[in-house]
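Let's have the full structure, built from the sequences with the hints guiding it.
Take the sequence shown: its position 71, counted from the start at 1, is 72 in this note's numbering, and no numbers get skipped.
Calculated cross-link-like contacts (lysine-lysine; reagent style DSS-like; alpha-carbon spacing at most 30 Å):
#1 K223 <-> K103
#2 K266 <-> K277
#3 K13 <-> K245
#4 K266 <-> K245
#5 K230 <-> K277
#6 K245 <-> K277
#7 K230 <-> K103
#8 K27 <-> K71
#9 K103 <-> K265
#10 K230 <-> K245
#11 K277 <-> K265
#12 K245 <-> K103
#13 K103 <-> K261
#14 K223 <-> K245
#15 K223 <-> K277
#16 K223 <-> K27
#17 K265 <-> K230
#18 K266 <-> K103
#19 K103 <-> K27
#20 K261 <-> K230
#21 K261 <-> K245
#22 K103 <-> K13
#23 K245 <-> K27
#24 K223 <-> K13
#25 K71 <-> K13
#26 K245 <-> K265
#27 K103 <-> K153
#28 K266 <-> K223
#29 K71 <-> K223
#30 K103 <-> K277
#31 K266 <-> K230
#32 K261 <-> K223
#33 K265 <-> K223
#34 K13 <-> K153
#35 K27 <-> K13
#36 K277 <-> K261
None of these hints come from the bench; they were simulated from the model.
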Amino acid sequence: MERIRIGCHEDKLAIIHTRRIMQDIKRADSTCQLDLMPISAAEEPVQEQMGEPAGEEKPISILQRALLEKRIDQAVYDLVELNQGVAPGLMIAAYCTRLNVKHTLVLPIGAQQPELDRPIGVSGMHRRVQAGSFYPRNDIAPIRGDVHSRLKRLDRGDYSALILPCDALSLLGLRNRSGRIFTEQEIVPAVGQGIFAIVTRIGEPHYCLSGVDDFPSRCCAKAELAFLKQFDNPDVNPIAAFAKLEENEIVLTGFYNNGKHSVKKQMNAPIVQAAKLGERLANEILNQLH
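So this is what it looks like as structure tokens:
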């Protein structure tokens, strides 16, 4: 019996998602033994303390480091975290079925609409810019922390509303807090949002993953990542993209803000041209801004 150690981040949502994926793997291959191994952020090495020279390359994340050191055999990642690729020696072996990526407005208990005297809390530049078009009279402010900590700050009066992922509320049993729901075209999600990727070492086959690798998610990821790669400043300016399959075509919605102006545009192409579609849409948006 094959024993597979599956790593994930040590936080509540990551563990929930990983357990769900482990159940899918077991349904596809009941013969493998799966061990969940949450890895704490405290294990992340601090570059300055280790005396390593600062360079242009980003440090390897804790999960990828655990893979390379053979402390785990697979790592479950939200694809958003892998927009810049994986470390040498590793590969994305499976793209799991995409989850709900819509966003929802969350109000304080008893409130009917956001008040103007307090900000609306939104994480991610791409969400904040898009949210501003729906609430131009409100201050759209950043907020960090897990869902429960954000809700506490909302209910104690720090914010007049929050915009949160619908899926996160649902998984935590907080669906009753959901208010207005935005479509994927109204608030375009981050590239890869809702797609969980399983990363493994190159050259080590994991046959059990064949039953969880989702073709539509793989195609959508290819289009969205190709879109992202056309921009020189993905960590500076807000960028978002969402792809979906409709019959034999892939439909891609892209969003970009260059610091002054925003463009949101949609294009479609045959599924086999997913990557080319991402490149073409990004270039169309850049040409429009120029």
